[in-house]
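Fit chain H with the ligand to the supplied structure of chain B, relying on the hints for placement.
Each chain, written out:
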Amino acid sequence: MRDVYVAGIGITTFTRLEYPLSEIASYASMMALKDAGVTEVDQVYVANMGSPRVNHQTALASAVVDSLSLMPAGAAAIENGPASGASAIKAGFQAVASGMEDVVLVAGVERMREVNNLEATDFVATLTHPLAEYIYGVTLPAHAAMFTRMYMDRYGVTERHLAMVGVKNQNAALNNVWAHLQQEITLEGILDSPEAMTNNPYVAEPLRFFDACPVSDGGAALVLVSEEKARELGRPMIRITGVGQATDTHAVFEREDPTDLLAVRKAAKDAFAMAGLSPSDVDVAELHDAFTILEIVESEEVGFFPKGEGHIALEKGETALGGSIPINVGGGLKGRGHPVGATGVAQAWEIVTQLRGDGEARQVEGARIGFTCNFGGFGNNVVCLTFVRED
Amino acid sequence: MSVDLEKILRPVDTPMKPYEPKYMLLASGEAVVVRQVERDEIPDLLKHVEPLLHVERDFYDVVAARVYSELLAHYRHRYQDQYVLAVQIDGELAAIVNGRQVTPKLGMSLHTLALRRGLRVGAHAFAAKMEYHIDTLGHDEVLIVAESPIGFRRWMIEYKLEKRFDIPHELGGVPSWALTRELFDRARSSLVVGRRPVPDELLDKAMAAILPPSDPPTPPLDPLAATRSMYDPTATSLMAQRWEMEGRSADA
Ligand SMILES: CC(C)(COP(=O)(O)OP(=O)(O)OC[C@H]1O[C@@H](n2cnc3c(N)ncnc32)[C@H](O)[C@@H]1OP(=O)(O)O)[C@@H](O)C(=O)NCCC(=O)NCCS
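Residue numbers (our numbering), protein chains in the order written: chain B, 62 to 452; chain H, 132 to 383.
Just chain B, same shape as in the assembly:
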């Protein structure tokens, strides 16, 4: 297997973007190609979850190749729920690692604001089990709420812990010009003041408004290359060293213990094993905080903290910038936004930015090893990646 490097990265602002979906992907891709200094690629993968349904557009990868005049590169779209982004990175990794391709463009994109919030919520809910979940009206906030309730009962996580993640990540986004939310929030305003319940109402109890990521549009892209090509391009040598992916039952109720995110555990374990690293080696991590509870739980399942102690680490500031394992320093999904198909790629974009030392106000000093966890379904399809700066 050949080594695979990230030679270029690109992103659009995550917000509401009034452009055709494929053009959002193309813009991020163009930035990534420019960053890498390449104009020709062998293969293009475009990650996206909802284009046929939400944007009435199919064959997305063909559209991107055409927009960017990348013909005759091979091109395919990858749909894998909210884990589409990292799944596309995995496909790109395999293409380069196998020796089949030298330069692969991986883009992730979603345009969810084309429809109203109710439709967007319904669209995301299509990832649930059609007969056991969807037909009963279970949305993702509802899933996350039931999960949170169990976690609170078992491990002593409180609404304050959830709000602390929300404040940490939404305020971290203020250091990231590409992030959707650019509005500071405080614990007083969302939890403690007499107006807090109105400012921050329950969406699905015990989850409140500021526990959820916003609905966003956006795109992100990476250029993956072989070692030889990476050296030729002369960009910082950032290697994808570990790739882990795992699945779990589609319907959450079928799991022996729904608070156990087995797929997260397995995907992280495999990624670390492949990289020859352990969780304590990681300098900076991107976890999939679509809901605040998920950052706490994933920080345990991937091995940063023992089970049930993620919220204690959070209380101690371990997961903030300057802590022992800074998580989501660019805002995470909560602050940066969560255009579902783009998220896995945007997580990698943030890690590469960090490992290049380009994080400016949010830079984790001396970061050389990064980790991402892209959580699909309600934990039924998870991709974890490790990144190492080599030069």
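Fair warning: there could be bad hints in the mix.
[Said to hold, decoys possible] Okay, derived cross-link-like pairs now, SDA-like style, lysine to any residue, Cα gap no bigger than 20 Å in a straight line:
1) H/LYS153 <-> B/THR259
2) H/LYS153 <-> B/ASP253
3) H/LYS291 <-> B/THR259
[What the hints assert, rightly or not] Facing chain B, according to a computed beta carbon distance under 10 Å, are these residues of chain H, among others:
4) GLU161
5) PRO280
6) VAL324
Rather than coming from a laboratory, the hints here were simulated on the basis of the structure. Beta carbons: idealized from backbone N, C-alpha and C, even for Gly.
Below, chain H with the ligand without anything else, positioned relative to chain B:
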């Protein structure tokens, strides 16, 4: 014979009780004051509404254009029984709401315009306006419409408004929705907040000047300027950029 046309054209406003100001904390922890704006302060509001006419998203353009015309007409005495409330953070304008009294029992909600995003200031401002209609003016119901999907969510869904589709609303003649006293009472505990009286220093700051919004909604930023291919299906702009990257001129 001389005729004072102005006397005919200028509506005679019905006396309406003033809105008692209130304050509250936002999600950001900042304190906001909600207060009634006097006619002579209207030009200050107009200055801050005008730029929103050019914000072509979330119906800011349509709503701002309508608000502008309503406020201007109010200032120039060409609007009957209109009132305006402002939401201010440290003097800075964060939201405007307006409406009017149709009869002593019926209110007509006009507009809600948020100039800071992401803090529910629009929602708080709307709640204050309903409070003014129902509690201060004693209206039995208020007729409401929404121009934007977020407005629909905030008003029709959050307050569970009733349909009054047989009554065309004054805004564009579209079918009306209604907030009744009963619906308002049900929403009170969850949607209507605020403390009174407003501490002097907060109120003084709000009254001293209506300062410009520090972070108003702006026309969509254009990180995608090169990809405006909604109007350019051949994506020539992208190709031009690519050629430029390769050191070739687009017209070579
Ligand atoms: C309708 C309106 C008054 C509502 O104002 P509001 O209650 O203050 O609404 P908010 O700004 O708090 O809510 C939307 C913002 O919440 C933020 N938000 C959304 N989800 C969020 C989340 N999960 N976490 C944190 N913030 C979030 C976003 O910043 C969003 O702004 P965006 O759409 O630019 O991304 C306001 O949008 C407005 O003035 N619109 C234009 C005019 C209009 O439509 N008036 C009403 C006509 S009916």
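Practice task
Take a quick look at whether H/LYS153 and B/THR259 sit within 20 Å of each other, Cα to Cα.
Solution key: holds, 15 Å
Practice task
For the hint on H/PRO280, just tell me whether its beta-carbon gets within less than 10 Å of chain B.
Solution key: H/PRO280 check passes; min Cβ-Cβ to chain B is 4 Å, inside 10 Å.
Practice task
For the pair we were handed, H/LYS291 and B/THR259, check the Cα-Cα distance against 20 Å.
Solution key: holds, 16 Å
Exercise for the section: Decide if the proposed pair is consistent with the structure: H/LYS153 and B/ASP253, CA atoms, cutoff 20 Å inclusive. Expected result: holds, 19 Å
Handout entry: Closest C-beta approach of H/VAL324 to chain B relative to 10 Å, hint status
Key = Because about 4 Å separates H/VAL324 from the closest Cβ in chain B, which is inside the 10 Å limit, the hint holds.
Practice task
Go through the hint on H/GLU161 and say holds or violated, using the shortest Cβ distance to chain B against 10 Å.
Solution key: Holds. Min distance 8 Å.
Of the numbered hints stated above, none is contradicted by the structure.
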